[in-house]
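Peer 1: Now for the letters of each chain:
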Amino acid sequence: MKNRIEEFENYMRSSAEEKKQKIAEMVRDGRADEARAVRAGLNMYEVMTALFGAALKKTGEGEEGFSREFHILKDNVTGNWKRNLEAAEKHGDAEKVMIEESKLETVEEIVRKFDSLF
Amino acid sequence: MTEQETIGFFKCLADKSRLAILKSLMEEDMYVERLAERLGITSATVSFHLKKLEEAGAVTSRKDQYYTMYSINKPLFGVRIIDILGEKTSESEAQKEREKAYREKVIASFFEYGRLKSIPTQRKKERIVLEEIAKAFQAGREYTEREVNIIIADYHDDFCTIRRDMISEGIMTRERSIYRKAERNGGDPEPAGR
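So the sequence lines, in the order shown, correspond to chains A and B.
Residue 101 in the numbering used here sits at position 101 of the first sequence, and the numbers go up by one each step.
To convert a position in the second sequence, counted from 1, into the numbering used here, add 118.
What the hints contain is simulated information worked out from the structure, not anything from laboratory work.
Glycine residues also receive a C-beta, built at the ideal position from the N, C-alpha and C atoms.
Keep in mind that the hints are not guaranteed to be accurate.
Straight-line Cα separation of at most 30 Å, DSS-like style, residue types lysine-lysine; simulated pairs [said to hold, decoys possible]: (1) A:LYS74 x B:LYS235; (2) A:LYS57 x A:LYS19; (3) B:LYS141 x A:LYS19; (4) A:LYS90 x B:LYS235; (5) B:LYS129 x A:LYS22; (6) B:LYS253 x A:LYS90; (7) B:LYS169 x A:LYS90; (8) A:LYS74 x A:LYS90; (9) B:LYS218 x B:LYS235; (10) B:LYS169 x A:LYS20; (11) B:LYS206 x B:LYS192; (12) A:LYS19 x B:LYS129; (13) A:LYS20 x B:LYS129; (14) B:LYS134 x A:LYS90; (15) B:LYS181 x A:LYS82; (16) B:LYS206 x B:LYS218; (17) B:LYS129 x A:LYS90; (18) B:LYS235 x A:LYS82; (19) B:LYS218 x B:LYS253; (20) A:LYS22 x B:LYS141; (21) B:LYS134 x A:LYS22; (22) B:LYS141 x A:LYS20; (23) A:LYS19 x B:LYS134.
Simulated restraints, written as ranges between beta carbons of each label pair [said to hold, decoys possible]: (24) A:LYS22 x B:THR279: 44 to 50 Å; (25) B:GLY196 x A:ALA87: 37 to 43 Å; (26) A:SER67 x B:ILE268: 46 to 52 Å; (27) B:ALA300 x A:ALA50: 48 to 54 Å; (28) B:LYS141 x A:LYS90: 28 to 34 Å; (29) A:ALA87 x B:LYS141: 29 to 35 Å; (30) B:GLY196 x A:GLN21: 39 to 45 Å.
With the sequences and hints as input, model every part of the structure.
Peer 2: Take a look at the structure:
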């Protein structure tokens, strides 16, 4: 379990670093507006790391219930973003759609990694 | 083109993806998904850029069966930059543009999807917000207090404060419990975001 926790934390750190580099590249490349959406995605590493820590704290390092707790916390948080996305789509708010999609896509990537480990 | 529109137009063009979209549209009219596939960016991102380009007047859109087709606004791109630079803007026009831009900024900050997020504390901003809400009232028509409350409640739950402030700002008038929109606000277009 310890090794997998470490692997997940390393994944989060390296992925966040990659995103930071991508943002810098996009800004240099004259794509500052799109970079804003990627930046919203970057924040997800911090949010999901906090949820990961909270789930660990609640269930301890035992396997039992840890994954379920993480998913419950994740669903609570992403539920709002999904509603924001739906509202933005309904009202044709293209900028918000782009930002909310970026957040949710990043969360999906993180959850895929989490599920492969726990 | 007004000065503000010119700035908006050039700002809009200063983006690699938007330039790529315009270059694609030079070849032929396209819809969002086609552009996304061609440029390797998501449909949401393409939609975002197209909206910006449309607002700047660089592209136009039309419904074509199931799709919205986008076209480049060739006449606009045919204007010589030197002619734009030669355009004269009077001080009063510039002032009007600044006021319009400020008004749009306040409306964009305080409204979300047609709902008022909060009542501004600054009087100048509140007046703009109240005038925006007043667009939902017809000039010359009489309203009961209940009708006024129902209309304002579409925008914000604190309809009492807004109703009272509309009276004190002279945006609405009240006489023997009957409300009317003050004359100078008549003929306003549909409120933003509705």
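Peer 1: Does each hint hold? Answer for all of them.
Peer 2: How the hints compare with the structure:
{"no.": "1", "hint": "A:LYS74 x B:LYS235", "verdict": "27 Å, holds"}
{"no.": "2", "hint": "A:LYS57 x A:LYS19", "verdict": "27 Å, holds"}
{"no.": "3", "hint": "B:LYS141 x A:LYS19", "verdict": "28 Å, holds"}
{"no.": "4", "hint": "A:LYS90 x B:LYS235", "verdict": "18 Å, holds"}
{"no.": "5", "hint": "B:LYS129 x A:LYS22", "verdict": "22 Å, holds"}
{"no.": "6", "hint": "B:LYS253 x A:LYS90", "verdict": "23 Å, holds"}
{"no.": "7", "hint": "B:LYS169 x A:LYS90", "verdict": "15 Å, holds"}
{"no.": "8", "hint": "A:LYS74 x A:LYS90", "verdict": "24 Å, holds"}
{"no.": "9", "hint": "B:LYS218 x B:LYS235", "verdict": "21 Å, holds"}
{"no.": "10", "hint": "B:LYS169 x A:LYS20", "verdict": "26 Å, holds"}
{"no.": "11", "hint": "B:LYS206 x B:LYS192", "verdict": "23 Å, holds"}
{"no.": "12", "hint": "A:LYS19 x B:LYS129", "verdict": "25 Å, holds"}
{"no.": "13", "hint": "A:LYS20 x B:LYS129", "verdict": "24 Å, holds"}
{"no.": "14", "hint": "B:LYS134 x A:LYS90", "verdict": "28 Å, holds"}
{"no.": "15", "hint": "B:LYS181 x A:LYS82", "verdict": "28 Å, holds"}
{"no.": "16", "hint": "B:LYS206 x B:LYS218", "verdict": "19 Å, holds"}
{"no.": "17", "hint": "B:LYS129 x A:LYS90", "verdict": "27 Å, holds"}
{"no.": "18", "hint": "B:LYS235 x A:LYS82", "verdict": "20 Å, holds"}
{"no.": "19", "hint": "B:LYS218 x B:LYS253", "verdict": "16 Å, holds"}
{"no.": "20", "hint": "A:LYS22 x B:LYS141", "verdict": "24 Å, holds"}
{"no.": "21", "hint": "B:LYS134 x A:LYS22", "verdict": "15 Å, holds"}
{"no.": "22", "hint": "B:LYS141 x A:LYS20", "verdict": "29 Å, holds"}
{"no.": "23", "hint": "A:LYS19 x B:LYS134", "verdict": "19 Å, holds"}
{"no.": "24", "hint": "A:LYS22 x B:THR279: 44 to 50 Å", "verdict": "46 Å, holds"}
{"no.": "25", "hint": "B:GLY196 x A:ALA87: 37 to 43 Å", "verdict": "39 Å, holds"}
{"no.": "26", "hint": "A:SER67 x B:ILE268: 46 to 52 Å", "verdict": "49 Å, holds"}
{"no.": "27", "hint": "B:ALA300 x A:ALA50: 48 to 54 Å", "verdict": "52 Å, holds"}
{"no.": "28", "hint": "B:LYS141 x A:LYS90: 28 to 34 Å", "verdict": "31 Å, holds"}
{"no.": "29", "hint": "A:ALA87 x B:LYS141: 29 to 35 Å", "verdict": "33 Å, holds"}
{"no.": "30", "hint": "B:GLY196 x A:GLN21: 39 to 45 Å", "verdict": "40 Å, holds"}
In this structure, none of the earlier numbered hints is contradicted; all agree with it.
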